[in-house]
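The chain contents come next:
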Amino acid sequence: MSLTLFALTGAALVGLGVYGLLARPHMLRRIIAFNLIGSGLFLFFGAAAARGTGLDPIPQALIITGIVVALSASALAVGLVVALARSSGTAYLPDEEGRL
Amino acid sequence: MTALVAGLTLPLLAAFAAIALPMRARVPAALLGAGLTLAASLWLAVVVWQTGPVTLSLGGWQPPIGIALRADGLGAALGVMTALVMTAVALAARHEMAASVAGPRAGFGFWPLMLLLWATMNAAFVSRDLFNLYVVLELITLSAVALVAISGKAEAIAAALRYLLFALAGSLLYLAGVVLTYAAHGTLDISLLAARMAAPSDALALGLMTAGLLVKTALFPFHVWLPHAHSAAPAPASALLSALVPKASLLILLRLWFEAMPDLAAPAALLTLASLGAMAVIWGGLLALAQARLKLIVAYSTVAQLGYIFLVFPLAGGDGGAQVWAAGAWTGAIFQTLSHGLAKAAMFLVAGIYLVAMGSDRLSDLRGMARALPMTGFAFALASITLMGLPPSGGFTAKYLLMTAAFASGQWAWALVLAAGGLLAAAYLYRPLAAIFARESAVAPRAIPRSWQAIPLGLAVLSVALGLLSSVPFEFLQIGRPDPAAEGL
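First to last, the protein sequences are chains A and B. Sequential numbering of the first sequence, starting at 1, is according to the UniProt record's numbering. Sequential numbering of the second sequence, starting at 1, is according to the UniProt record's numbering.
Just so you know, the hints here were simulated from the structure itself, not pulled from any lab data. Hints are supplied without guarantee of correctness; some may be wrong.
Just some of the chain B residues that point at chain A, by a computed CB distance under 7 angstroms [said to hold, decoys possible]: (1) Glu138; (2) Ala154; (3) Ile157; (4) Ala160; (5) Arg162; (6) Val179.
Heads up, the beta-carbon is just placed ideally off N, CA and C, and yes, glycines get one too.
Could you build the full structure based on these sequences and the hints that come with them?
This is the structure in C-alpha cells:
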C-alpha cells in the first residue's frame with residue numbers, strides 16, 4: 001500500500017514538473033521543474049524496485065548516482081542562468097520574454 | 001583490456017593535468033594526453049581486429065550486479081574516429097584557442113572540457129549498462145553545453161541554455177525508460193536484456209528511451225537547438241559538437257534497437273524513425289541553402305547528414321535483420337556516421353581558420369579564400385565531396401550501401417531520399433565552394449601557418465580515404481555484431 005503511495009507521489013511530481021516546464025518560461029523555474037521530474041522518477045524507481053521479496057541494493061546505488069548527476073546538471077544550469085542574467089539583464093531565453 | 005581502460009582513464013588524467021598544472025605546462029600536458037589517448041584507441045582497434053571483442057567487468061562484478069564494458073568493432077571504430085577528430089581539433093586549438101586569440105577564459109577552459117568530452121565519448125562507445133549510459137550521456141551533455149558557452153558572449157550563453165533545456169528533457173525521457181526497464185526486468189545490461197522475457201511495459205520503456213535519444217541526436221523535429229548551439233561555439237568546439245557529440249546518443253539508439261530489444265522493432269516504429277530521418281535530410285538541406293554564414297550552413301548540414309543514418313532502421317531492423325541486404329544497410333549507416341564525423345570536423349576547422357584570417361564567416365567576405373589559403377580551399381572541397389556522397393569518398397560508400405539495400409529490399413522510397421539528399425547537399429555546398437574558389441581575391445587575410453592549414457586537410461583526406469579503402473573498415477565493423485549476416489550484398 002505504501003509503495004503504491006510512493007509510486008503515485010512520484011508520478012504526481014513528474015506531472016508537476018512537466019507542467020512547470022511547459023507553462024513557465026522563467027529559467028530558474030524550469031530548472032526547478034527538471035529537478036521535480038528527476039525526483040519523481042527516482043521516487044517511482046525506488047517504489048517499483050522495492051516490490052520484490054528480497055532487498056535489492058542496485059536501485060539505491062543508481063538513485064544516489066542519479067541525484068549526483070542531477071545536482072551537477074542543475075549547478076551548470078544555474079551558473080548559465082546567472083551568466084545570462086548578467087549579460088542580457090533577463091532570466092528568459094531571447095524569444096520567450098514576451099510570453100509570461 | 002589494458003587498451004580499453006587506457007582509453008577511458010588517460011583523457012581524464014589529462015583533463016586533471018590541464019586544470020591543476022602551472023599555466024605553462026597545461027597545453028603541453030593536454031596535447032600529450034591527446035596523443036596517448038589516440039594511441040590507446042588505435043591499440044584497442046588492433047586488439048579487437050586480432051582477437052575479437054574485448055570485454056571487461058568492472059571491479060570483477062558480473063552483470064546484473066556490476067557494469068560490463070565491451071569494445072566491439074562498432075565501438076572501437078567510433079573510438080578511432082573520435083580519436084582522430086579530437087587529435088586534429090587539439091592541434092588546431094593550439095593556435096585557435098591560445099589565450100592571446102580566444103581570451104584567457106576560453107583558452108583555459110577549452111582543454112579540460114575537450115578531454116572530459118573525449119573520456120565520456122569513449123565510455124559511451126563501450127558501456128553495456130543502460131544506467132551507466134545515462135550517466136555518460138549526462139556528462140557528455142555537461143561538457144558540450146559548457147563548450148557552447150565558453151566564449152561568454154550573450155548569444156552563446158542563450159544558445160547553451162537552450163541546448164541544455166533540450167538535452168535535460170532528453171535525459172529525463174531516457175531515464176524514465178531506464179526506470180521502467182529495471183522495474184520490469186531487474187537488469188540494465190544490454191546482453192541480459194536481449195535474453196529477457198518480454199514484459200508489457202517494454203514498448204513504453206523503449207519508446208521513452210528512443211524519444212530521449214532522438215532529442216539528444218537532434219533528429220528532425222528535435223533539431224531546433226542544434227544549429228545555433230553549434231555555430232555559437234568557437235570553431236574547434238563546434239567541430240567536436242557537430243562531428244562527435246550526436247554520435248554517442250545515436251550509437252545507444254542502435255544498441256537498443258539492434259541488440260537489447262530487437263524483438264520490439266515493429267514495422268510501424270521503424271518506418272516512423274526512417275521518415276523522421278528522411279524529413280531531416282530534406283528540411284536540414286533546405287535550411288542550409290538559406291544561410292549566409294559558413295558555420296550555419298555547416299551546422300544545418302549536420303541536421304541533414306544525421307538523417308541518413310536513420311534509414312538503417314527499416315532496412316536492417318526488425319524482420320529485415322535476417323535478410324541478405326541487412327549487413328550492407330547496417331554498415332552503410334555506420335560508414336555515414338564515420339565519414340560525416342571526419343568531414344564535418346574538417347569543415348568547421350576550415351571555418352575557424354577563415355574566422356581568424358578574415359574575422360568573419362559570411363560567404364560574401366570569403367570570396368577568393370582558396371587563392372590566399374589554398375590548402376583550406378582544398379580541404380573544404382574534399383569534405384564537400386564526402387557530404388555530397390560523390391565517389392570515391394566515404395560518404396559515397398555509405399550512400400551506395402544504403403541505396404543498394406533500399407533497392408534490394410524493395411523500399412525504393414528511401415533511395416529517392418538518398419538521391420534528393422545528395423542533390424540538396426550539392427546545392428547548399430555549392431554556394432560556399434563558389435565563394436571560396438571565386439576568381440577575385442578577398443582583402444588580404446591574416447597569414448595562417450601551413451601546419452595549421454594542413455590539419456583540416458588531413459581530416460578531409462581521411463574522410464575520402466574511408467571510401468577508397470573501404471574493405472578493411474567494412475570487415476572491422478562486423479566484429480561482434482549481434483547477428484552478422486553471412487552474405488553481404
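Going through the hints against the structure:
The interface hint given for Glu138 (chain B) holds, since its Cβ lies 5 angstroms from the closest Cβ of chain A, which is under the 7 angstroms cut-off. Proximity of Ala154 (chain B) to chain A holds as hinted, the smallest CB-CB distance being about 4 angstroms (cut-off 7 angstroms). Hint status for Ile157 (chain B) relative to chain A: holds, with the closest Cβ pair at about 5 angstroms, below 7 angstroms. Hint status for Ala160 (chain B) relative to chain A: holds, with the closest Cβ pair at about 6 angstroms, below 7 angstroms.
Hint status for Arg162 (chain B) relative to chain A: holds, with the closest Cβ pair at about 6 angstroms, below 7 angstroms. For Val179 (chain B), the interface hint holds, since its Cβ comes within 7 angstroms of a Cβ in chain A; the closest pair sits about 4 angstroms apart.
Every hint, counting from the list given before, is met by this structure.
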